[in-house]
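S.K.: Going down the list, the sequences are from chains A and B. Just so we're aligned: the first sequence equals residues 1 to 205 in the numbering used here. Just so we're aligned: the second sequence equals residues 1 to 207 in the numbering used here.
Simulated from the structure, these hints should not be mistaken for laboratory data. Note that CB positions come from ideal geometry on N, CA and C, so glycine has one too. A few of these clues could be false.
Unchecked claim - Label pairs and their computed distance ranges (CB to CB):
1. B:M58 x A:E78: 49 to 55 angstroms
2. A:A28 x B:A112: 44 to 50 angstroms
3. A:V92 x B:A76: 40 to 46 angstroms
Said to hold, decoys possible - Computed list of chain A residues with no C-beta within reach of chain B, every gap over 10 angstroms:
4. G9
5. E16
6. D104
7. L128
8. Y158
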Amino acid sequence: MQRTPVNPGTVEWSGENPGIYLKADPQADYSVVALFFRIVLSPHGRGVGAVILGAPDSASGYPDAPNLCLTDNRPMMEYLIENFASKFPTFVGKAGVSAMSWFDVTDSQQDNRNMPQTYSETLTAGDLQVQMTWKDLQPPMAIEVGPDASATKQHDMYAVFLEARDAHITINGMALPGQVVDRQFFGRTMSTAFLALSETWVNPA
Amino acid sequence: MPIKPNVRPGAVDWTGENPGMLLKTDPEGDWSVLMLFFRIVWSPVGPGNILLLYENPMTAAGMPDCCNVIMTDNDALRDYIKSGFIEKLATFGGAPAYAAASHLPIDNVVSAGDPCGDFYSETVTGGGLEIKLVWESLGKPTALELPPELTAAGERIMYSLLVNAKSAFVEVNGRRLAGKPVTRNQAGLSLSTAFLYFSETWIYPDA
Chain A
1 MQRTPVNPGT VEWSGENPGI YLKADPQADY SVVALFFRIV LSPHGRGVGA
51 VILGAPDSAS GYPDAPNLCL TDNRPMMEYL IENFASKFPT FVGKAGVSAM
101 SWFDVTDSQQ DNRNMPQTYS ETLTAGDLQV QMTWKDLQPP MAIEVGPDAS
151 ATKQHDMYAV FLEARDAHIT INGMALPGQV VDRQFFGRTM STAFLALSET
201 WVNPA
Chain B
1 MPIKPNVRPG AVDWTGENPG MLLKTDPEGD WSVLMLFFRI VWSPVGPGNI
51 LLLYENPMTA AGMPDCCNVI MTDNDALRDY IKSGFIEKLA TFGGAPAYAA
101 ASHLPIDNVV SAGDPCGDFY SETVTGGGLE IKLVWESLGK PTALELPPEL
151 TAAGERIMYS LLVNAKSAFV EVNGRRLAGK PVTRNQAGLS LSTAFLYFSE
201 TWIYPDA
C-alpha cells in the first residue's frame, strides 16, 4: 500500500480518547455513551475532559439525568464536542449532548499501573466524582483511517486501540447500568469499550 | 489521499511521547548535549517515563563527574527501551557516555507550556536532580508516518506528531548546559535537532 510519510494536512488535535458504550438491553440502543479526552495538543491548549451520557436520548442534564461533561479546559472541550464527538455515530442526534451539565474539573487521576487487567480515569469536580474503568485489555493495534472511514467522515486519524472486554462508569460511586457488547471494528469483532492512545486527527489538505 | 484505512497487522512495540534535543556549541564539532525523554503510555512492560541525558556525550563518565544519566520510574521499561531502541540509535547508544551513564530514579515529571504556543517544557526530578527541558520557537504540528528506512532505528514503522523547535535548552539544578540545536533532515523536511514528538507509535512491519 502506498503511503505518504509526511501528511500534508493540518493537525487538529492529539492525545488520548478512550470510550465506553454500554447497553442495558443488547437489542436496544446504547444506554450509556461516554468518551474521555486527554489532549496534549489542540488549537485551544491542553487538558482533560469527559462526556458522560447516561441517558443519551434525554434532553436533561445532571442530576435530573446522568448527562454531564467535566473538563479543566472548556474552550478545548467545546471544540472537541462541536467538531468531533458530536459527529461520532454513537453521539449523532443524541439530545443529551446539548442538554448535558458542565462541571469544572478540580482534580484528575489516571491509573494505568495495572494494565492489562485494569485502567481507569477519575475526574473530580467539587463533590462530584466520575470514574471510568476499563478491564481485561487486549493487545494494542495500530490503525490509520482517512475521511471515508473515520468517525467524523472528515478527517484522517491515527491511533493505537486496545479493546477492553469489560468496563463500567460510576458517578459518585454509583454505576451506570449496562454492559459492553460486541461490534464490528475494521473487520474485527470487538467490544464497545476501548482505549484509544496516541491518537491524532488531521484535517486533510 | 495521504492515508488509507488500515489496521496494521504488525505488533505495536510501544507508544507515547519521545521529545529530544541534540545540541552543539560548534556547528562543525561533536554533540555537546544529547537528550531523549520518553513518556510511554503502553509497552509490553508497562507505562512510565525515561530520561536519557548526556551532558558530555564523548565522556565515559556518570555522576558526579558529569550529568550523564538515564533516569526512570520503571526499571523494566528502561531496560526494554535501552536494548530495543536506544542501542539501535548510533548517536545515543554508541556514545561513550551511554555505558557510563548513572542510573537514577524519576520521582516526578511536570509538563508546562503549550506545543501550539510559545514554549513547552518537561521538568524531571529524582536522584537529587531537577532537570528542566525547554523547547521554544515551535513550528506547525505535522503528522508523520515513516517507513523503517526513514527512521533512525531502521526496523519499525513510526507514527508520530512532530513539532519542530528552533530553540531549546536543558537546565540541571538551575545550571544551563552548553549548546544549541543545529539543522537536520527527516523525510525530506528541513528541521532542527530539537523536537517534540507526541502520540508516537512504533510498529513492527506488516507480516
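S.K.: Now, for every hint given, state plainly whether the structure supports it.
M.R.: Hints versus structure:
1. The hinted range of 49 to 55 angstroms is satisfied by B:M58 and A:E78, whose Cβ atoms lie roughly 51 angstroms apart.
2. Here the CB-CB span from A:A28 to B:A112 is close to 46 angstroms, well matched to the stated 44 to 50 angstroms.
3. Taken as a hint, the range 40 to 46 angstroms holds for the pair A:V92 and B:A76, whose Cβ atoms sit roughly 43 angstroms apart.
4. For A:G9, the condition that its CB be more than 10 angstroms from all CB atoms of chain B is violated, with the nearest at approximately 7 angstroms.
5. Once the 10 angstroms rule is applied to beta carbons, A:E16 is inconsistent with being away from chain B; the minimum gap is 7 angstroms.
6. Non-interface status of A:D104 relative to chain B is upheld: no Cβ of that chain comes within 10 angstroms, the nearest being about 19 angstroms off.
7. Distance to chain B confirms A:L128 as a non-interface residue, since its nearest Cβ pair spans about 26 angstroms, more than 10 angstroms.
8. With a cut of 10 angstroms on Cβ distances, A:Y158 falls inside the contact zone with chain B, its closest approach being about 5 angstroms.
Taken one by one, the earlier hints fail for this structure at numbers 4, 5 and 8, listed in ascending order.
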